[in-house]
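Participant: Chains as they are written, first to last, in the working numbering: chain A, 42 to 201; chain B, 343 to 446; chain C, 3 to 397.
It should be emphasised that the hints constitute simulated quantities derived from the structure, not laboratory data. Here the structure is a predicted model, which is why all the values come from computation and not from measurement. Certain hints may be false.
Unchecked claim - The calculated SDA-like cross-link candidates involving lysine to any residue, where the alpha carbons are at most 20 Å apart (straight line), are:
| # | chain 1 | residue 1 | chain 2 | residue 2 |
| --- | --- | --- | --- | --- |
| 1 | A | LYS147 | B | LYS445 |
| 2 | A | LYS147 | B | THR349 |
| 3 | A | LYS66 | B | SER348 |
| 4 | C | LYS101 | A | THR186 |
| 5 | C | LYS338 | A | LEU189 |
| 6 | C | LYS338 | A | THR186 |
| 7 | C | LYS101 | A | LYS147 |
| 8 | A | LYS66 | C | MET164 |
| 9 | C | LYS161 | A | LEU195 |
| 10 | C | LYS161 | A | GLY135 |
| 11 | A | LYS66 | C | ALA99 |
| 12 | A | LYS66 | C | LYS338 |
| 13 | A | LYS147 | B | GLY396 |
| 14 | A | LYS66 | C | TRP97 |
| 15 | B | LYS445 | A | ARG117 |
| 16 | A | LYS66 | C | LYS161 |
| 17 | A | LYS66 | B | GLY396 |
| 18 | A | LYS147 | B | PHE392 |
| 19 | A | LYS66 | C | TYR375 |
| 20 | C | LYS161 | A | ARG117 |
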Amino acid sequence: MNSVAFIALAVFTLAAALAAALLPKLVHAALCFAAAFVGVAGFYFLLGAEFVGLVQIFVYVGAVAVLIVFTILLTRRETEREPGFHWSGLLVAGAVFAGLVWAIVKTGGLNRAAPPSVTLTVRQIGEALMTDYVWPLQCVGLVLTAALIGALVLVMEEKR
Amino acid sequence: MTPMLSTFLLLSAALFCIGLLAALSRRHAIFILIGIEMMLAAAGLNFIAFWRFGPQPAPPTGVMVTIFAIAIAAAEAAVGLALVIAVYRHYRTTNVDQIDQLKG
Amino acid sequence: MTGFLDQIFVLAKARVLSPLAHGPAWLSALVSSLLSIGLLLAVFLSLFAAMSLFERKILGRIQNRLGPNRVGPFGLLQPAADGIKMLIKEDVVPWRADKVVHFLAPILMAATAILTLGIIPYGRNMTPFAIDGGILFFFAIGSTTELSVFMAGWGSNNKFSMLGAMRAIAQMISYELPLVITVLPVVMVVGSLRPDAIVAAQAGYSLGILPHWFVFTPWGFAAFLLFFISGLVESNRTPFDVPEGESEIVAGHMTEYSGFKYATFFQAEYFGMFAISGLAVTLFLGGWHAPIRVLELVPSYLWFFGKLGVLLFVFIWIRGTLPRTRVDQVMAFAWKFMLPMAFACLLAAAVWHYGGRRWIGWLYSLVVVGVAYLALGQLLQTGKRFAPRTYRYAE
């Protein structure tokens, strides 16, 4: 695995994620959020899961980011005062990060290099989806249908 | 220095904590949703890293879970944003500090 | 001889790369990619220039006038004049616009449009980047167009831009679904997401003169029409160009852009057209295959660009012929007609494929598509009565 690509992608993703968390203007944060997800998709490509990376770009950048942007537009006030930033969140996030780093460093056996490169073809994913994972597939279909109908019902204007 | 499993885990932990930072310290409902989506993505990255660094040839469990996680995250984002719009229609604000009454 | 002409680009690239064979692997991969990208950009930029001229001339002929014919013989140097004009125009950015977002929007749009051109097979062994999930790559990158349209609309700090951007995004999102679902029958029948495999599945001829293209099957014909209409909408072409029609909303999300950035937006739109047409040729029209067996002497890339040219001519023809639709009519058409019809195509393709591809499978799939079309036509009738059409010709 290429370490130059890893370092470049890591810097890009973390910078975009930090920008999404810290930028005061909402639209800038939403666009940096989309960029952070492109970075995560890059990591999926690096790890050999190309299909998941493409699904990530399709779903997150193409759909979720557009949803967020539309909602920002529909819930705007004329006086654009963004609500403030609470620094106590930084303490909690820092504590959680310290705990996770301690757990990762303390766990032995994680310092292994990658086994030789494996390619998971789309055909294998499709076969797995239709044989071993057919029940989760149907459940996810149901959940998505329910979410679609639910979101529409929530947003529909009441008929007076 | 090729990246090891621990490097990927540290990266996803950092992404998770940045998402947690966004969810805890912002007061706009949409920012909190952005933070939650980032946390879900970090968890997905963890799954794929463990799948890749596990014994090969591996069953595609990690990849499958991540695909389903992405689908569920999209559904949850849609419903969450619909909720934000519905709440905005009623309260005329998206500041979660001001949405503090149970009675409509 | 014909084999040599067919593979001339592949052989030339191999000749250029052979000195690097004993270098590091990443260097030859990098040079190979750069050569592919360079040739791709050269071909499509000149196609863009040619198309900008031929569109105006063909539109002019449809409208009973000559197109541009002042610059150069028959106006052939018009693209050069247009390019110079765009380059020397003053770049006006609104004072209260969001500078970074305003600047990045056309760049992102053009970049994603060019990215989608990389997975299309242009000839035998001539796919620039053969990815395992090629079709999914195309749609994943194509779906980021909406984000750049939003950036253009919001970054201009202009109510008309914002309104135009919202309309454009709503239109594009609505038609993404039919676009993707009409591709599903092809992927299902072929069993692979690779464009190379899809083109290879359309090889072969019945009786030497009937090619096995998917457009000649009932489900393929319906799916091709739906895909083509969705492609029209995705590229914001008339009759679906509400986002950019001057009589509607000034120029929509492109209102506050001048000079080279405006040219970049139009370049992005045309590249989107090329990509959608290229994908339609790959999925439905047999890619780089010849129509009759005896015509396989002609090099494969010439067939591909010939079919691409025909599709682009149909794009221009439709622009010159049909009036603009209203924006709610556009959405209703997508959700009420095209989506159920796309699912009917999927069912018809399944029936065709699992009916063994014999005549009974053809009959069943024809019945499925026909029943769906007639049922939708009955269900969506509005019962309006129109006066008989009258025509007035220019005297």
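Participant: If a hint holds in the structure, say so; if it doesn't, say that too.
Facilitator: Do the hints match the structure? See the list:
no.: 1; hint: LYS147/A - LYS445/B; result: violated (49 Å)
no.: 2; hint: LYS147/A - THR349/B; result: holds (13 Å)
no.: 3; hint: LYS66/A - SER348/B; result: violated (34 Å)
no.: 4; hint: LYS101/C - THR186/A; result: violated (40 Å)
no.: 5; hint: LYS338/C - LEU189/A; result: holds (16 Å)
no.: 6; hint: LYS338/C - THR186/A; result: holds (17 Å)
no.: 7; hint: LYS101/C - LYS147/A; result: violated (47 Å)
no.: 8; hint: LYS66/A - MET164/C; result: holds (17 Å)
no.: 9; hint: LYS161/C - LEU195/A; result: violated (27 Å)
no.: 10; hint: LYS161/C - GLY135/A; result: violated (41 Å)
no.: 11; hint: LYS66/A - ALA99/C; result: holds (14 Å)
no.: 12; hint: LYS66/A - LYS338/C; result: violated (38 Å)
no.: 13; hint: LYS147/A - GLY396/B; result: holds (19 Å)
no.: 14; hint: LYS66/A - TRP97/C; result: holds (18 Å)
no.: 15; hint: LYS445/B - ARG117/A; result: violated (24 Å)
no.: 16; hint: LYS66/A - LYS161/C; result: holds (19 Å)
no.: 17; hint: LYS66/A - GLY396/B; result: violated (41 Å)
no.: 18; hint: LYS147/A - PHE392/B; result: holds (17 Å)
no.: 19; hint: LYS66/A - TYR375/C; result: violated (48 Å)
no.: 20; hint: LYS161/C - ARG117/A; result: holds (13 Å)
Checked against the numbered hints above, the structure breaks hints 1, 3, 4, 7, 9, 10, 12, 15, 17 and 19 and satisfies the rest.
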